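Got chain A sorted already, so can you dock chain B onto it with the hints?
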Amino acid sequence: MANYQAPLRDMRFVLYELNQGADLCKLPGLEDMTPDLFDPVLEEAAKLCEQVLHPLNRSGDEEGCTWENGQVRTPQGFKQAYELFRDGGWTGLACAPEFGGQGMPQMINTLVSEMICATNLSFGMYPGLSHGAYTALYAHASDDLKAAYLPKLVDGTWSGTMCLTEPHCGTDLGLCRTKAVPQADGSYKITGTKIFISAGEHDLTENIIHLVLARLPDAPKGIKGISLFLVPKFLPDAQGNPGPRNGAACGSIEHKMGIKASATCVMNFDEATGWLVGEAGKGMRAMFTMMNEERLAVGVQGLGLAEASYQGAVAYARDRLQGRSLSGVKAPDKAADPIIHHPDVRRMLLTIRATTEGCRALAAWVANRLDVAEHSVEPQEKRDAEDFVAVMTPIVKALMTDLAFEAANHGMQVFGGHGFIREHGMEQLVRDCRIAQIYEGANGIQALDLVGRKMPAHAGRYLRAFFHPVGDFIAAHVEDDELGPFVQPLAKAFVRLQQATGQIARVGLAKPEEAAAAATDYLRLFGLVALAYQWARMAQIALPKADADPFYRAKLGTARFFMERMLPQTGGLFSALMAGGGSLMDFPEEAF
Amino acid sequence: MNIVVCIKQVPDSAQIRVHPVTNTIMRQGVPTIINPYDLFSLEAALALRDKVGGTVTVLTMGPPMAEESLRKALGYGADRAVLLTDRFFAGSDTLATSYALATAIAKLAEEAPIDMVLCGKQTIDGDTAQVGPGIACRLGLNQLTYVTAIDALDAESREVTVQRRSEGGVQLLRTRLPVMVTMLEGSTSIRRGSMPDLLRAARAPITVWNAAAAGIEDVQRCGLRGSPTVVKKVFAPKPRAEKAKLIEVKGRRDGEIAADALAALFAAVPKLEGDLARQTVQA
Chain A
0 MANYQAPLRD MRFVLYELNQ GADLCKLPGL EDMTPDLFDP VLEEAAKLCE QVLHPLNRSG
60 DEEGCTWENG QVRTPQGFKQ AYELFRDGGW TGLACAPEFG GQGMPQMINT LVSEMICATN
120 LSFGMYPGLS HGAYTALYAH ASDDLKAAYL PKLVDGTWSG TMCLTEPHCG TDLGLCRTKA
180 VPQADGSYKI TGTKIFISAG EHDLTENIIH LVLARLPDAP KGIKGISLFL VPKFLPDAQG
240 NPGPRNGAAC GSIEHKMGIK ASATCVMNFD EATGWLVGEA GKGMRAMFTM MNEERLAVGV
300 QGLGLAEASY QGAVAYARDR LQGRSLSGVK APDKAADPII HHPDVRRMLL TIRATTEGCR
360 ALAAWVANRL DVAEHSVEPQ EKRDAEDFVA VMTPIVKALM TDLAFEAANH GMQVFGGHGF
420 IREHGMEQLV RDCRIAQIYE GANGIQALDL VGRKMPAHAG RYLRAFFHPV GDFIAAHVED
480 DELGPFVQPL AKAFVRLQQA TGQIARVGLA KPEEAAAAAT DYLRLFGLVA LAYQWARMAQ
540 IALPKADADP FYRAKLGTAR FFMERMLPQT GGLFSALMAG GGSLMDFPEE AF
Chain B
0 MNIVVCIKQV PDSAQIRVHP VTNTIMRQGV PTIINPYDLF SLEAALALRD KVGGTVTVLT
60 MGPPMAEESL RKALGYGADR AVLLTDRFFA GSDTLATSYA LATAIAKLAE EAPIDMVLCG
120 KQTIDGDTAQ VGPGIACRLG LNQLTYVTAI DALDAESREV TVQRRSEGGV QLLRTRLPVM
180 VTMLEGSTSI RRGSMPDLLR AARAPITVWN AAAAGIEDVQ RCGLRGSPTV VKKVFAPKPR
240 AEKAKLIEVK GRRDGEIAAD ALAALFAAVP KLEGDLARQT VQA
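Chains as they are written, first to last, in numbering that gives the first Met the number 0: chain A, 0 to 591; chain B, 0 to 282.
Keep in mind the hints are simulated off the structure, nothing from the lab.
Wrong hints could be hidden among the right ones.
With a Cα cut of at most 27 Å, we get these calculated DSSO-like pairs of lysine-lysine [stated by the list, open to error]:
1) Lys242(B) x Lys329(A)
2) Lys281(A) x Lys255(A)
3) Lys50(B) x Lys333(A)
4) Lys333(A) x Lys244(B)
5) Lys46(A) x Lys50(B)
6) Lys510(A) x Lys223(A)
7) Lys249(B) x Lys333(A)
8) Lys188(A) x Lys178(A)
9) Lys244(B) x Lys329(A)
10) Lys50(B) x Lys78(A)
11) Lys281(A) x Lys223(A)
12) Lys329(A) x Lys249(B)
Have a look at the derived ranges for each label pair, beta carbon to beta carbon [claimed, not checked]:
13) Ala475(A) x Gln27(B): 30 to 40 Å
14) Ala475(A) x Ala211(B): 49 to 59 Å
15) Arg346(A) x Ala263(B): 34 to 44 Å
16) Arg346(A) x Val233(B): 40 to 50 Å
17) Ile420(A) x Gly250(B): 22 to 32 Å
18) Val233(B) x Gly483(A): 16 to 26 Å
19) Pro19(B) x Asp202(A): 54 to 64 Å
20) Arg8(A) x Val230(B): 50 to 60 Å
21) Thr54(B) x Lys46(A): 20 to 30 Å
22) Asp202(A) x Arg137(B): 49 to 59 Å
None of the values given here were measured: they were computed from a predicted structure.
Note that beta-carbon positions come from the ideal geometry of N, C-alpha and C, so glycine has one too.
One chain only, chain A, in its complex shape (with noise of 0.2 Å):
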C-alpha cells in the first residue's frame, strides 16, 4: 500500500495565508480559535490518521462488513482504531463546546476531513454520519432532544445516520412513503423501509440514532407533507443508558464498488418509537440546514483520496524504470530512467496535483465563509458569506468529486498493470472516489442546483457574491508585470463564464430545459474558473517567495500548469454548452 504523509505544509499555507485563518479568532463565538490550537491539533490528527486509518484502509476493503442476523461486524481493527478516535475526541471536533464538543471552526474541520478521507474514507463515513446528525439535531430539536442525544452523539458513544433514500425515491423524496404516526404520550410510531443508509448499523458504537425522513397521516402530497423523526436503536432509560430494543432492525448490507469497510444498510422501521425533529412538514429544510456542510464534506473526500492517490503515483514514479528519456539519459547507472522523467508522466502527476492543491484552496475559502455565515453577527457580512456559501455548496461537490475522480484514475494510470492489481491500493482508490460522485445529491443534480436554484435566486444575488470579488482581483492585477501571466488566463475564462451565465439566464427564462441541457457543463466551466481563482491568489503570494523557498516554486510551477494546460478546458466546455440542448432533446426517445 502506498505511504501517505499529511500535507501539513500546504494546509498550513492554505490555512494562513491563503485565507486568514489566524482572523477566526475575531468571530463571534471563536474568541478561542488561535494558530496555537489549530497546529497541534492538525499535528496530532496527521498521526492518528497515518498510524491508525491508514494501516486499516486496505485490510477494510478486502474484508468488507458482514451481515449476520441483523447484526452488521465491521471488519477487523476497525472497532479499537474508533476506540481510539473517540477517545482522542475527534468526534467532537467541529461540536458545540455546551454539548462537549471543541468547537473547532469548519476550516480546521475540513482539513483534519480531508486527512481522514485520505486515510480510510470507509472509517471516515461512520464519525462522518454521526456529525450529520448532529448539527441537523442541533439546529432543530427541541431542548429535551438535544440534552438526551447530542452529548452521547458528540462524545461518540452514540453515532447517527440519516434515512432519505426508499427503494422507489432517492433524488425525488417527495414520493417517501415511511409513516409517522402520533401516540398519545407525544411520540410516534415509525414503519417504512430506507436503503442505502450509510452506518445504519455496526458495532462501533452502543447506540446509533436514526434521522428519518417520514410522512404524517394528514400529511400533504410531496414534499411539503415530509417531516424529521428521531429514531434510537435502543430507547434511553431514564438514566439516558440504552434501554429497550427500538423497532429499527437492519435487513440486509448492500455489496459495493467501493468503500466496502462502510455499512451500507437497508433499515426496516416496524412501529419504531421516534420523536418530531422540528416542526411537522418542515422536514426537507431541517435536512437542508447541513446539506451545506455535507456536500462540502462530500467534495473533501474527493481531494483526500485524489491526495493519497499523488502520493503514490510520485513516490512510483521516481521509483520505476521504464525506457530513456527523450531529452536524453538521466540515469547513466541505471537500465533504464525513472518514469517522472516522461513528459505524458508529469501530465498525469501535475493534473493530480493541480487539482488536489487547487480544490484544497477551494475548500478552505467555502469552510472559512461557512464560519462566517455561521458565526458573524453583522447582518451584510452574514449574508454575503451565506449567498457565497449558498452558490458554491453544488461546485465544490460536483466539481471536487468529479476532479478527484479523474485524479485517482490518473494516480492508477501512472503505475501502469502494476496500479491495476490490488497490492498498491491505488485502484481502491478509484473505487473509493466513485461514490462520491453519487451520494449527497448526484453531481448531475448539483449542477440543476446551480442553475435552476442559485443562479436566478434573488435576481442573481448569489452570483454576485463570487462574480465581484473575482472581478475585483482581476482588475488590480491583470496588468501586473510578475502576477499578470497569471491573471490573463482566468480573466479569459471569467469572459466565458459570465457569457455563458447571461445565455443560460435568458434562455432558461423562457426554456427551462435549455438550461439542465446546459447545466454540467456550467457547473465544470464555474468551478474551473473558481479554482483559476484561487490559483492566481496562490500565485500572488508565491511569487515574493518563491526564490528562497522550494515550497512556493513548487507552487508557481503548479499554477503555471494549471492555467496553460488545465483552465483551457473552458474553451470547449464553453461552445458546448452555448450549442444549446437541440441536440439532446430533438434525439426521438424510441431511437435510445
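Same frame as chain A, now just chain B:
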C-alpha cells in the same frame, strides 16, 4: 506518585545540514523537537500516573521559546509544566545544567515530595548522558540508568523494578523510591495527544522561573561561569579514504546469490579469502 520529567528542546538532528565548505552546523531553519529519549521517559511517566495516580510535571531549562516543547508535553497529557529561563543560565554545561535542574526539583519538592525524576538517556545534541546522574547525585536519589522499561511499582514498599540494558543482556533491577531513572528507547512510544489535552495544553499556564524563583542562590554556579567544560575545537570527521563499492550479482535462489556475491567479493579483494581461512583455522 509525583513524577518530574526533565525534557530538552533540541534541533531536529535529522534535518541538520553541515556546511560543505566551512564544516559548521547550519542550524538556520532547522525545526526544534523534544529530545527523542525524553519522550520515552515522558510516556513512562504518563503510563505510571495513569496506573497509580499522581501528577506528572515536565521541567525544562532553556530560552523562552522552549515553552513550545513544554506545551507539546502538556498535549500528551502532562499535568504541569515548569520553564527555567534566565540569562544566567546561558552557556551551561552539564555540571551547571544539573545544578540548576536539581535546585528547581528541590524547589518543587517543597510543595509536594517528588517520588521519581525521569530523564532521557542523553540528548541528541549534547550526547553526554551526564545530566540525569548529576541530578540524582545532587538530590541524593537512587539512580537507574539505561532503563528500557519500568516493570513494576509497589506503592506499599515503595519499590520500583526496571529493566536495564547492559552489554550482552538485560538486568532486572529493584530499588526504593525516590529514584532518578534515565530511559532508553523502549517498547512504548509516546502516545497521541487527545483533543481535550491538546486544547488544554495550548492554554495551560506555564510556571516560569528565573534563577531566584527556582531557589538558586549562587548564580556563579550557573551558565557559562558555572561551566568548567571548554570546547577546544569543532571539526567534521575525516571522510574515509575509500568509498564503499557495490557488488551486483544476478541469481535466482538465495544460495546462488550468496555464492556469486562471495565469488565477486574474493575476486575484488584477492587477500580476503586467505585471511578468512587463516582466521578460521586459528579459531
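Hint check results:
The hinted pair formed by Lys242(B) and Lys329(A) meets the criterion: a straight-line CA distance of about 23 Å does not exceed 27 Å. For a cut-off of 27 Å, the pair hint linking Lys281(A) to Lys255(A) is broken: about 33 Å separates their Cα positions. With a CA separation close to 56 Å, the supplied pair Lys50(B) and Lys333(A) exceeds the 27 Å bound. At most 27 Å may separate the alpha-carbon atoms for a hinted pair to count; Lys333(A) and Lys244(B) meet this at roughly 16 Å.
Between Lys46(A) and Lys50(B) the CA atoms are separated by roughly 25 Å; this keeps the pair inside 27 Å, and the hint holds. Using a Cα cut-off of 27 Å, the hinted pair Lys510(A) and Lys223(A) holds, with the two alpha carbons roughly 26 Å apart. A hinted pair counts as satisfied when its Cα atoms are at most 27 Å apart, and Lys249(B) with Lys333(A) qualifies at roughly 15 Å. Between Lys188(A) and Lys178(A) the CA atoms are separated by roughly 8 Å; this keeps the pair inside 27 Å, and the hint holds.
Distance hint between Lys244(B) and Lys329(A) is fulfilled; the C-alpha atoms sit about 22 Å from each other, no more than 27 Å. For a cut-off of 27 Å, the pair hint linking Lys50(B) to Lys78(A) stands: about 24 Å separates their Cα positions. For the suggested pair Lys281(A) and Lys223(A), the alpha carbons sit about 7 Å apart, so the restraint of at most 27 Å is met. Between Lys329(A) and Lys249(B) the CA atoms are separated by roughly 24 Å; this keeps the pair inside 27 Å, and the hint holds.
Separated by about 35 Å at the C-beta atoms, Ala475(A) and Gln27(B) satisfy the suggested range of 30 to 40 Å. A C-beta distance of roughly 56 Å is found between Ala475(A) and Ala211(B), which places it inside the suggested range of 49 to 59 Å. Take Arg346(A) and Ala263(B): their Cβ atoms lie about 42 Å apart, and the range 34 to 44 Å holds. For Arg346(A) paired with Val233(B), a C-beta distance near 49 Å keeps the hint of 40 to 50 Å intact.
Against the hinted window of 22 to 32 Å, the Cβ-Cβ separation of Ile420(A) and Gly250(B) comes to about 26 Å, which satisfies the hint. Between Val233(B) and Gly483(A) the beta carbons are some 50 Å apart, a value that contradicts the proposed interval 16 to 26 Å. Separated by about 58 Å at the C-beta atoms, Pro19(B) and Asp202(A) satisfy the suggested range of 54 to 64 Å. For Arg8(A) paired with Val230(B), a C-beta distance near 35 Å fails the hint of 50 to 60 Å.
One distance hint, 20 to 30 Å for the beta-carbon pair Thr54(B) and Lys46(A), holds here, with the actual separation near 25 Å. Range check, Asp202(A) to Arg137(B): Cβ separation about 55 Å, and the 49 to 59 Å hint holds.
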